[in-house]
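Number of protein chains: 2
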Amino acid sequence: MYRTFTCGELRIAHVGQEPVLAGWVQTIRNLGAMTFIDIRDRYGITQLVADENTTIELKDKFEKLGREFVIQVKGIVRERSSKNSKIPTGEIEIDIKELTILNKAAVPPFTIQDDTDGGDELRMKFRYLDLRRETVRKNLELRAKMAHVVRNYLDDLHFIETETPVLIKSTPEGARDFVVPSRMNPNQFYALPQSPQIFKQLLMVAGFDRYYQIVKCFRDEDLRADRQPEFTQIDCEMSFVQQEDVLNMFEGLTRHMFKEIKGIDPGEFPRMTYADAMENYGNDKPDIRFDLKFKDLTTVVKGKDFKVFDDAEYIGGICVPGCGEYSRKQLDELTEFVKRPQVGAKGLIYAKVNEDGSVKSSVDKFYAPEDLSKWTQIFDAKPGDLILMLSGEKDRTLPALSILRLEMGRLAGLMDKEVFRPLWVIDFPLLEWNEEASRFHAMHHPFTAPKPEDIALLDTAPGTVRANAYDLVINGVEIGGGSVRIFDSELQAKMFKTLGFSKQDAENQFGFLMEAFKYGAPPHAGIAFGFDRLASMFAGLDSIRDVIAFPKNNSGRDVMNDSPAEIAQAQLDELCLSLVAPKQKN
Amino acid sequence: MYRTFTCGELRIAHVGQEPVLAGWVQTIRNLGAMTFIDIRDRYGITQLVADENTTIELKDKFEKLGREFVIQVKGIVRERSSKNSKIPTGEIEIDIKELTILNKAAVPPFTIQDDTDGGDELRMKFRYLDLRRETVRKNLELRAKMAHVVRNYLDDLHFIETETPVLIKSTPEGARDFVVPSRMNPNQFYALPQSPQIFKQLLMVAGFDRYYQIVKCFRDEDLRADRQPEFTQIDCEMSFVQQEDVLNMFEGLTRHMFKEIKGIDPGEFPRMTYADAMENYGNDKPDIRFDLKFKDLTTVVKGKDFKVFDDAEYIGGICVPGCGEYSRKQLDELTEFVKRPQVGAKGLIYAKVNEDGSVKSSVDKFYAPEDLSKWTQIFDAKPGDLILMLSGEKDRTLPALSILRLEMGRLAGLMDKEVFRPLWVIDFPLLEWNEEASRFHAMHHPFTAPKPEDIALLDTAPGTVRANAYDLVINGVEIGGGSVRIFDSELQAKMFKTLGFSKQDAENQFGFLMEAFKYGAPPHAGIAFGFDRLASMFAGLDSIRDVIAFPKNNSGRDVMNDSPAEIAQAQLDELCLSLVAPKQKN
Chain A
1 MYRTFTCGEL RIAHVGQEPV LAGWVQTIRN LGAMTFIDIR DRYGITQLVA DENTTIELKD
61 KFEKLGREFV IQVKGIVRER SSKNSKIPTG EIEIDIKELT ILNKAAVPPF TIQDDTDGGD
121 ELRMKFRYLD LRRETVRKNL ELRAKMAHVV RNYLDDLHFI ETETPVLIKS TPEGARDFVV
181 PSRMNPNQFY ALPQSPQIFK QLLMVAGFDR YYQIVKCFRD EDLRADRQPE FTQIDCEMSF
241 VQQEDVLNMF EGLTRHMFKE IKGIDPGEFP RMTYADAMEN YGNDKPDIRF DLKFKDLTTV
301 VKGKDFKVFD DAEYIGGICV PGCGEYSRKQ LDELTEFVKR PQVGAKGLIY AKVNEDGSVK
361 SSVDKFYAPE DLSKWTQIFD AKPGDLILML SGEKDRTLPA LSILRLEMGR LAGLMDKEVF
421 RPLWVIDFPL LEWNEEASRF HAMHHPFTAP KPEDIALLDT APGTVRANAY DLVINGVEIG
481 GGSVRIFDSE LQAKMFKTLG FSKQDAENQF GFLMEAFKYG APPHAGIAFG FDRLASMFAG
541 LDSIRDVIAF PKNNSGRDVM NDSPAEIAQA QLDELCLSLV APKQKN
Chain B
1 MYRTFTCGEL RIAHVGQEPV LAGWVQTIRN LGAMTFIDIR DRYGITQLVA DENTTIELKD
61 KFEKLGREFV IQVKGIVRER SSKNSKIPTG EIEIDIKELT ILNKAAVPPF TIQDDTDGGD
121 ELRMKFRYLD LRRETVRKNL ELRAKMAHVV RNYLDDLHFI ETETPVLIKS TPEGARDFVV
181 PSRMNPNQFY ALPQSPQIFK QLLMVAGFDR YYQIVKCFRD EDLRADRQPE FTQIDCEMSF
241 VQQEDVLNMF EGLTRHMFKE IKGIDPGEFP RMTYADAMEN YGNDKPDIRF DLKFKDLTTV
301 VKGKDFKVFD DAEYIGGICV PGCGEYSRKQ LDELTEFVKR PQVGAKGLIY AKVNEDGSVK
361 SSVDKFYAPE DLSKWTQIFD AKPGDLILML SGEKDRTLPA LSILRLEMGR LAGLMDKEVF
421 RPLWVIDFPL LEWNEEASRF HAMHHPFTAP KPEDIALLDT APGTVRANAY DLVINGVEIG
481 GGSVRIFDSE LQAKMFKTLG FSKQDAENQF GFLMEAFKYG APPHAGIAFG FDRLASMFAG
541 LDSIRDVIAF PKNNSGRDVM NDSPAEIAQA QLDELCLSLV APKQKN
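Protein sequences, first through last, are from chains A and B.
Using my numbering, the letters of the first sequence map in sequence onto residues 1 to 586.
Using my numbering, the letters of the second sequence map in sequence onto residues 1 to 586.
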């Protein structure tokens, strides 16, 4: 062992001891007679000091040192004259007696401290240096602790952690698969799992009863800030349960994590139907840290010769407390905001409630004070509040209003990162119509069970069938999702048919699952949590990248080791593959 | 919830209660007036009973039931008249009041019981049914428990569990990589990791200090019984440690697992150099549950006109206690055994020590009784012992003798599966000469540190350089292996040169690692355990397949879902790939 103590361990009680420490040079301050060196490792920072009596040999070594050199020192612990109460080792320092340079370090391309001077690109390229920064490492430590807490909780409840294969069969349903050519089976391919969905269902058929796994999943999708080609799920499945049991079980897990990791009790998780979420928040993952619920004014505001409203299928709005003082400029900016293509509204109608209760709106010439007063009643608006309204086709206006609502939440400071408001969204539609493919797609996945009372509608009005599917939403982020599964092979076959699979295709792709269901499949249901997202939320981060040790960039590249990369012709030959020149993009 | 109790939970104390159970029909016995049904789930088996007073409705349902039907029953717990002490629920039975068939089951292709009638192929195809058998499920439960014990042990010692990427850069050194074509980076490929080696070393450069991960690894190798294309490692790395620290740390982990999982204290782990292992056991992973150590007789037996020995470079043997009574036939069989191409010896010389101390050998005409007596002294052979000797070129005879030793251990009943003898094999050679490639290969991997005192030999006699590399061997199986790593970029560059990498190739493949080493790499070392092998050893199995939920066969195929499989032309097009017809095998 190169050390007898870590750099975060020594206290006043160790004074007089002769420890050996090893770590990185954080700073060197040469004050002439005295030299101070801060030595750092994962556990902390300790101050080393050499005074005027230091040997020439040691002084020579100090000359050679630079930031991030790896050193080993032996010395005597003594009490500091000027203590540093900010760090746990701040009461002591080490009087250096011996110093060994274990490894040199070139000057790092950015400073290794919390407020580094390195830009994103540079820090990604030198990720191993970025990970040295305490803020970044703490995120990874938090992630590890979360995994530990999850595993112990589920182990205690008799979930069996079971590894499922990574080299599986490609199923074109859903997102795009990454594929892996097989050398031993030429011209055939494995796929990497988008989730262990089928395997965990087979484990239920196998009688495992309770399964979980913290598992890597893969999706070959065009990437966004919060997406990575490989990501991690907490994947769970249970037998002989109904939806209510799953919600309770995993509400329990989530509450346990909040308690253990954040020291927070987030209270009972409210339930909201998908229909209510869409109607009241325009969104299937509402952020309920703040209210600003939509009010539907469609029937109220028509018939006053205001053509925009009269022609609209839907008119809805929100009431933002305390924003009644917004200036003309601020309101113009909001109008520009909602007109951006990403929001897509045609315009914004506002109404301010003055201190005296009177209302000033952008449509005063169409609406009499008593009309406007009716609006304030609907919104229960108070003096100083701001009512904002959008109108148009309902299925375009609701999402626009949702974006406006979030923007107002942000502007009004209602999105505190240390406040957590979990929510179950339930009763999702089973199917969604895909215009392009001109067929229904499974909203969750093809194994999701319809609500029993809606099964008859599969033949007559498939689009209205509700599923026993649920999402766990925290602060407007979808953290988990799952469903009760179909466990009857006939219903599963019907589902495939509804999704436009030919009997042959269903057989080719899922034949073994339907076969498995013939041998006594139990009722079962499950859920998967996005572990990266959950960790980044717990860490108070906006992106999942900083809870991933070696993330990829938006082109799916690891810029640190410059992969993916070309492979040798011999490798291609062995795999019976040849490259095709990519099409030029226009 | 479909149940109020599991099928393994009810006891005499529950008599009178009205539980609801759910599970699979294990057996149905219709005795006319009485019907007995055993209902099974993961937790156990409970006997259900219906007597002559049962309703017609229930009796009708019994008629429909078959093996593996999934049922839900409600009834009253009562004491059994004839108790079954073999199962924990054997004192009670359930008087059935209601029964619901939750799912039908086709007759399974084999019986779901410990001694099933299903062959290997069939059980692999219907793996989800094979997993229902208690013996198989117990193996997976054991594996899950082992992972749990490992994680808690390492977490307590401040190892940070860190996920490393699965989509990485292909490095042709070592075994063959599986590759993954990138759609977003056409004509470029990711590789799947053979181990997280480089990433865990980068985590040490990043100051993580202690890392572990239970992680899937991938090797595109031709498969053997104990190999799978994807397998799981317990992967660990530590900073500021020497070899001795690593051995002690992971001896501690291994001893902890034996204690927690098997209730065994395997004692201190002996250490043996690679050179001693080869000389005394002909093998770098000796099974030391039994002795049968080689004796070198080369100098002793020459010069007696026995041409076979006189011409041999090496003559060695083992002494097997208690096998002196072997018949002519048994000795002939052994001779045939060693002459098999897999063993490759030319013949077998034996000497039996009779009860009176005299010796009977197959070469009596060349050796006088006093010569043979000298042999018995060398082997410390007792009356009733059997001496077996092989001769020839040393590097062919030692391995042959090793196989003979193991065979004799097996025949003499010295390989008890419930006895565990761990061993550290240390001081492996750094390099091994590859005849085919006409260059040195890294015996462990290119990042392994040579022993400091041997570094000078890298220039003059590379083949003699010893590495700070170690294997954990248990009962003749390599369970883990690791090394102290090179942490100096110049030494690493020299190592790549010794391995025949051009500067350009080393730069292309490992440039980022050597770059990383320039910024202050700490001394570090690590180890990886073959988790599948360790689990199969703890479970008392010969193959790793039964500790893997969904294993692949020897062609790398999952016969359950018939993968790998062809993919659609559209998928190939998106990936800018085309298929090449495989070459016909001769």
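Source of the hints: derived by calculation from the structure; they are not laboratory data.
Don't take every hint at face value.
Heads up, the list lumps identical chains together, so a pair's fine if it works in one copy or across two of them.
[Stated by the list, open to error] For lysine-lysine, the following DSS-like pairs were computed, each having C-alpha atoms within a straight-line distance of at most 30 Å:
1) K295 <-> K417
2) K138 <-> K518
3) K503 <-> K125
4) K417 <-> K307
5) K125 <-> K494
6) K451 <-> K74
7) K259 <-> K145
8) K259 <-> K339
9) K97 <-> K494
10) K104 <-> K497
11) K329 <-> K74
12) K61 <-> K451
13) K86 <-> K262
14) K302 <-> K138
Hint check results:
no.: 1; hint: K295 <-> K417; verdict: within (27 Å within a copy, 72 Å between copies)
no.: 2; hint: K138 <-> K518; verdict: between (49 Å within a copy, 24 Å between copies)
no.: 3; hint: K503 <-> K125; verdict: between (49 Å within a copy, 22 Å between copies)
no.: 4; hint: K417 <-> K307; verdict: neither (41 Å within a copy, 87 Å between copies)
no.: 5; hint: K125 <-> K494; verdict: between (50 Å within a copy, 25 Å between copies)
no.: 6; hint: K451 <-> K74; verdict: between (70 Å within a copy, 25 Å between copies)
no.: 7; hint: K259 <-> K145; verdict: both (13 Å within a copy, 25 Å between copies)
no.: 8; hint: K259 <-> K339; verdict: neither (42 Å within a copy, 67 Å between copies)
no.: 9; hint: K97 <-> K494; verdict: neither (79 Å within a copy, 34 Å between copies)
no.: 10; hint: K104 <-> K497; verdict: between (66 Å within a copy, 22 Å between copies)
no.: 11; hint: K329 <-> K74; verdict: neither (65 Å within a copy, 70 Å between copies)
no.: 12; hint: K61 <-> K451; verdict: between (75 Å within a copy, 26 Å between copies)
no.: 13; hint: K86 <-> K262; verdict: within (22 Å within a copy, 47 Å between copies)
no.: 14; hint: K302 <-> K138; verdict: neither (56 Å within a copy, 69 Å between copies)
Violated hints, in rising order: 4, 8, 9, 11, 14; the structure is consistent with all others.
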